[in-house]
Amino acid sequence: MFPRPIQQASAPAQTAYKTMLPIALILWLLPLIAVAVFSIKPASDFTQGNYWGMPGSFEFVNNYGQVFFNSDMPRYMLNSVLITVPTVIGAVALSAMAGFALGVYNFRSNIWVFFMFVAGNFVPFQILMVPVRDLTLDLGLYNTKTGLVLFHIAFQTGFCTLFMRNFIRALPFPLIEAARVEGVAEWRIFWFVVLPLMKPALAALAVLIFTFIWNDYFWAIVLTQGPDAQPVTAGITSFNAQYRAAYHLMSAGSIVAALPPVLMFFLMQKHFIAGLTLGAVK
Amino acid sequence: MSGVTLDTVIKRYGNTQVIHGIDLDVQDGEFCVFVGPSGCGKSTLLRMVAGLEETTEGTIHIGARDVTRLDPSDRGVSMVFQTYALYPHMTVEENMGFGLKMTGHPSSEIKSKVAEASRILKLDDYLKRKPKALSGGQRQRVAIGRAIVRGPEVFLFDEPLSNLDAELRVEMRVEIARLHKEIGATMIYVTHDQVEAMTLADKIVVLRSGRIEQVGAPMELYRDPDNRFVAGFIGSPSMNFIRGTVQGTEVVSNGLAHAVPKTGSAQDGQEVLIGLRPEHLTLKPGSSHRVDLTESLGGVSYVHLIGPDGEKIIVEERGDHRSSIGDQVDLVVDPDHMYLFDAASELRVR
Amino acid sequence: MSGVTLDTVIKRYGNTQVIHGIDLDVQDGEFCVFVGPSGCGKSTLLRMVAGLEETTEGTIHIGARDVTRLDPSDRGVSMVFQTYALYPHMTVEENMGFGLKMTGHPSSEIKSKVAEASRILKLDDYLKRKPKALSGGQRQRVAIGRAIVRGPEVFLFDEPLSNLDAELRVEMRVEIARLHKEIGATMIYVTHDQVEAMTLADKIVVLRSGRIEQVGAPMELYRDPDNRFVAGFIGSPSMNFIRGTVQGTEVVSNGLAHAVPKTGSAQDGQEVLIGLRPEHLTLKPGSSHRVDLTESLGGVSYVHLIGPDGEKIIVEERGDHRSSIGDQVDLVVDPDHMYLFDAASELRVR
Amino acid sequence: GSHSLSGDLKIFLDTSNPAPRATMEAMIERFGAQHPELNIETTVIDREAYKTQIRNFLTADAPDVATWYAANRMRPYVEAGLFEDVSDLWAEPAIADNLASTKGAMTIDGKQWGVPYTYYQWGIYYRKDIYDQYGLTEPTNWDEMKSNCQTLLDNGVKCYTIGTKFLWTAGGWFDYLNLRTHGYDFHMEMAAGNVAWTDDRVRQTFANWRELIDMGGYVDNHQNYSWQEALPFMVNGDAAAYLMGNFAVAPLREAGLSDDQLDFYQFPAITEGVALAEDAPTDTFHIPANANNKEAAREFLRFVVSADEQTEINNGANLGQLPVNASASIDADKFLEQGFAMLSSNSPGGVAQFFDRDFPAEMAAEAMQGFQEFMVLPDNLDDILARLEQVRQRVYK
Amino acid sequence: MTTVALPDTDPPKRGWYKRNEIAVTPWLFLAPAILFFAVYVIIPIFQSFSISLYDWDGLGQAEYIGLGNYAELMNDRAFEVSLWNNLKWLVCYLLAIPAGLFIALFLNQTVAGIRIYKSLFFFPFVLSQVVVGLVFAWFYLPNEGLLSNMLAMIGLGPVNVLGDPKLATYGIILAGLWPQTAYCMILYLTGLNAVDPEQVEAARLDGAKGWKMLWYVIIPQLKPATFIAFVVTIIGALRSFDLISIMTNGGPFGQTRVLSFYMFEKALSEYGFRMGYGAAIAVVLFLIMLVFIAYFLWSMYREEKGGH
Ligand SMILES: Nc1ncnc2c1ncn2[C@@H]1O[C@H](COP(=O)(O)OP(=O)(O)OP(=O)(O)O)[C@@H](O)[C@H]1O
Ligand SMILES: Nc1ncnc2c1ncn2[C@@H]1O[C@H](COP(=O)(O)OP(=O)(O)OP(=O)(O)O)[C@@H](O)[C@H]1O
Ligand SMILES: [Mg+2]
Ligand SMILES: [Mg+2]
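Chains as they are written, first to last, in our numbering: chain G, 1 to 282; chain H, 1001 to 1350; chain U, 2001 to 2350; chain F, 3001 to 3397; chain E, 4001 to 4308.
Keep in mind the hints are simulated off the structure, nothing from the lab. Take the hints with a grain of salt, since some may be wrong.
Said to hold, decoys possible - These stretches of chain H come out as covered by chain U in the derived footprint (C-beta under 8 angstroms, 3 or more residues):
| no. | stretch |
| --- | --- |
| 1 | 1212-1222 |
| 2 | 1293-1300 |
As the list claims (entries may be wrong) - With the C-beta cut set under 8 angstroms, the calculated list includes, among others, these residues of chain U facing chain E:
| no. | residue |
| --- | --- |
| 3 | 2052 |
| 4 | 2081 |
| 5 | 2083 |
| 6 | 2099 |
| 7 | 2269 |
Glycine residues also receive a C-beta, built at the ideal position from the N, C-alpha and C atoms.
So that you can see chain G by itself, here it is in the shape it has in the complex (with noise of 0.2 angstroms):
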């Protein structure tokens, strides 16, 4: 292990280590922690400048009541919710057929379809935008949560197809072999043998996908519009626009807005880091 274990160290050496790491990781927090104490602050702290001190009064209900009860951002967690859990089955359903069809499979075009899911995901999107929304508008989903959907399915495929394709090539190649000789058909192999195989990257893949559709804003103000469609990232804006100054709101809005994808982290958090480090790409 490098570095070397701070066990083997001198006794001072650990202490100073085990303090340091609380200091460190206030430093590196700081602004989220400043987020935190805004978020529970009264409005009046900011008019009388007290930005950074101690909040003068706990205003922890009265603010985020004004976010729940008060504004739309719990209609924009709902838009959030239902855009972000399709994608999240679509893309994981998509890819791991994709992804099994390239891991098991030798045909000739292989490699090229996957290099093509691949590139594709390295694009720039800001390429599909134009294109995209044209469609979108074409199909008569714009500003509608199936449009946003249907391209987030798309679009994340292949990430997802590249990090299934690539789990899936290391399974364990005779276990298909076994179930062929066995007279298994090959979707029934996918079905009963690779599928259940593919539980840890299904739930990587989804709670990695689940973050990165919710924090999801370009895609958002480009196809969608308006609290009836529009994810939280985007309604958090014209939250803040509608209370421009007013931080102490704002941070609550934001803390709301941050809260699933903290929350999936923290519930799911060896499958999100195997998720990040076997697939490796955003």
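Knowing the structure of chain G, use the given hints to seat chains H, U, F and E with the ligands on it.
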């Protein structure tokens, strides 16, 4: 009836040919072992029989059926893989019954077949476990059980024991032998382990670079190898080879203190290799070889000699007689256990 | 001068003690092999000598220096790992020279030392290659070369050959033996391979559960084991054990057709285990044992017997004499090659 | 209503701030009450977002009525055929007579493409209490304006607050400086692309502007702020005045400024003899060409511009802006009254819409960015003007 | 033995699908993904190329102008600025890699609670860039911001990071580095986990310590993690949009634009009506990225070939 017959079977990957027209007859109920150095095509050949690799040319029959173009599942074969290839998410029972379930057998039938197989393999206590909770040997047994359950005409094994440690390997080897006796099906078994090949096989097929070098019963190959490759490959430690020349009825060699009688059809003046197994050599004090190293394993010890031309010779010594490093010795050759090979073609001179 | 001395060395991980006060003297220039079942603490002990694990209690001396608390690099030891542990991004040359470079040796000196080591190990042709482009045996040679280059007083090996295939293992074993002779340094070698231990060691240390069971030269352990564990551990196939009872001057046993003379201090009525090596048993037609299986390896074959109490016995047969499955036989015991162990304490009854 | 309407009526609004939003929703409710058969569906979109999204919904999923802005700002949609020609409405006497003053702003190619529903004056809102404190009065000419400013600066108060992060606020300053320096006609010539940005007259406008900048008259770091974020400077007394539209009054009051503290004056004259002209942006309703229920939409437009509704929606409690219907009455609000008086009697030069409504979109975008740069780095002027000239030559082709 | 009676005759005639199962199945499985991907990703790339040859406001008729948009780009100062900013992003964003490595080394210990620390350090990556942008914008506020306050503590004047055309881009990049560093940190933490402990031990016996160990032994072994970190960082840098949009909206006076933002502005923003021009910018961005994509695919191709 359910033997396996290969007829000028050829395999090419793109432009590289890896199997060069193999003819082979495996009798019904026979235990046939493929051996050969790594990369010689053992697995490829086995997988062609299984249907997991396409056969480029030639035909494969199982019993009377031409199976060359059939799907693996239609060939009536079962295969046991080196890595077990158990489905990790299924219990032992489900693993064994999976193939039958997928091909639509009624569950009562599956149950009885699984029970039968697990009885044979003493797996009854583990039926509800997942493979993760089994030891290596148990896993391999489940893999074999899965093969049995389908009641195939032919069993195929690809180095089934090489992932086990030495002790277990011995144990499982004995079990496979017993299994073969019990169900009597045709088995084809790939290994690179001498001992497995010698102890399990009814018939050993020695392959080299996609060609068959020799086919025969184990002791046949040991006693009567066709060429230098087979002679060197079968037997451990390997046979020693000493260059020599036929002079009249004798073979003379730098490496031997005395000439030895020639055998068979050796021609006067022919350059030959004299093949001598370590266990058939004895030492006497002399001058031609120097003891370079001795390795004692208790009951037996191996004496490594350096010959007059720098060639290395290994001699097996038994009992308490021990040579010491640096001793000068001569080799005592038993003419009954001596093989001549043509130095150029490396074929046996009989 | 540069031997290794362990003095009541203890290792604890948290609350679990894995090494229980080991005393050991490895002479300068000696080849000492640690053997024992998996998990007995071989690696731990070796790594404590290397300085890779802290020593909880006790002291370790190399030569006259107390190195117990020194850094690994200051102990004058080199280590060869099972997985080679070569730096994948460096060429063979760089791998071997890395240690010297780190300790600031001039590059001309590094060059000559690497050249010297690669000559000894015949690596000259591979100096510019990366480890990836080498075979397993070559890699292991590079790892040894890296150890040599630093000119250590003591070499440590942790199962250096267990990742190699059988053939290479034999070859590398011989090379290590030769190396030891050539450079004459003290070497400590961990293995679980019988053959390696027997053939390489000047001194074998048999460990069990963090304690030394017996220390001695290989043939000493083979001929004169202190207890049943060592007797069963050394020798392959393992010694057979048959239960028996001392009656007067004889030992009677269900498993033997005839009583055998007792040895040493065995007491009348004592329950004992009779230890018999497969190579010291012969068979004659009889009734006490049934031949269950025979395995022929060419020069030698193993006969698996089932005794009257269901116990399994293995007998080695040489030459052309072969038993067949199902034969009823009796064991012929050579009283000179027979060991008695107390059934309870499992200690040798001398 | 005179005849009964039925079906769906989809209305898109950009009035996303709380007060205007409530006003419009109430108005629509009243309209709905008159037409019980009509199923009205209202969508309110964030004002900034609306500006980019209008293109999409006009082509794709068009509502029946949509808000927008007058003059050049509606030109792209008119030219693309996305707005309905409503000249027929303008031929009706109720509209023709009462909305005559805004007809020009709604006319392109001799046809009218929508109706206005509100407009508002621009001008300088200031802290009367601070002016009083330093003995200052409302300036009437450039020199007074500058000397007022100097006094404030000497006392540590910035003369003007502004937040240029979203650029358009700087457009307001250019409008006034240019209108005052060269007059309405010149400004409109520029808007029409007939004057080079490198023209000396344009430079003159910037030279005047620069005087204020060099004095340090504007709050620092204005490039970081939106217009709302610049309000606190005025509220806190760090700055004394704000050139802004009348919509700024509501938030200023909300922030706690009383009518005693807050006052308004017209942007003072700069070049003597140049007739005063004002910015008074007009917000409008349009019927998308792809609308489904144009009959109901027309009825809605008639309803919106009716005198009663105009009086209602523009009063101080609601939009707090000026009604477009001449027969409507103006709320008794000091700013509305001042504004109305200014626009109707003291704006002889003419009434402009606003920089980004009078100038073509692309020109406006480039120019406003240039204004911001100029306000931060006045020395870059030559470079900025050269760049704008390049854009002008392309945009107007 | 119990032999299953298999017909000795030829098997029953099998359907076309059965005969071609292995060949057809992958395409059936691929079909939906390919369809989606083609419609939404592949075809649009080509459409963008084509749109970039037109003058089109997104509303009316498009007019073919050949390479006119590209010609105009050559003289477009804003484009030039955006390009340079993209370069700054590319270069500075790579700092996330050493920074991530540094933090990973710091955290690669096994003390009580280290898992919590690791996940909290990783936290910023999970946040939406919108939130990150807001937070940093407040952090940079010219007077009230924490940064100015902290500078004041050490006696330095306030600094208006986002209002200063010279500093603004770096300010935004710094905000971007925050989550990106966290990302690289995680990659390196897993990379460090995979470092062969025996090699580290061998190096310790060889006398490599501290920096020397890091440089000669650890970093070379972290190459896969570094490669991945490099790829994702480059992609992240070229895709940067959210932060700019939130923090400065491209300002002051367009000095923080990057290509992706500029094209959005030109094509879809309030005053932007130039789809063709926007598409041309996107194409340029795509071509830049193509260098990296090609590099990535090439190294992947090599690995595939080497791996089998
Ligand atoms: N897909 C393939 N494409 C090209 N050549 C291949 C392919 N698969 C195997 N080969 C080659 O075919 C030859 C035979 O391989 P095979 O796996 O049958 O050897 P083997 O005898 O089983 O070796 P081992 O003992 O190492 O398992 C080898 O030279 C190998 O390189
Ligand atoms: N870090 C550790 N923490 C706790 N126990 C450990 C640790 N490392 C090793 N052990 C325990 O110490 C004992 C000795 O381990 P060691 O690796 O020395 O065995 P070994 O004899 O080398 O075995 P093998 O032949 O499998 O290599 C084992 O029981 C092991 O579980
Ligand atoms: Mg093989
Ligand atoms: Mg060990």
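Evaluation of the provided hints:
1. 1212-1222: holds (count 3)
2. 1293-1300: holds (count 7)
3. 2052: holds, 5 angstroms
4. 2081: holds, 5 angstroms
5. 2083: holds, 5 angstroms
6. 2099: holds, 3 angstroms
7. 2269: Interface hint status for residue 2269 of chain U: violated (52 angstroms vs cutoff 8 angstroms).
The structure does not agree with numbered hint 7 stated previously, though it agrees with all others.
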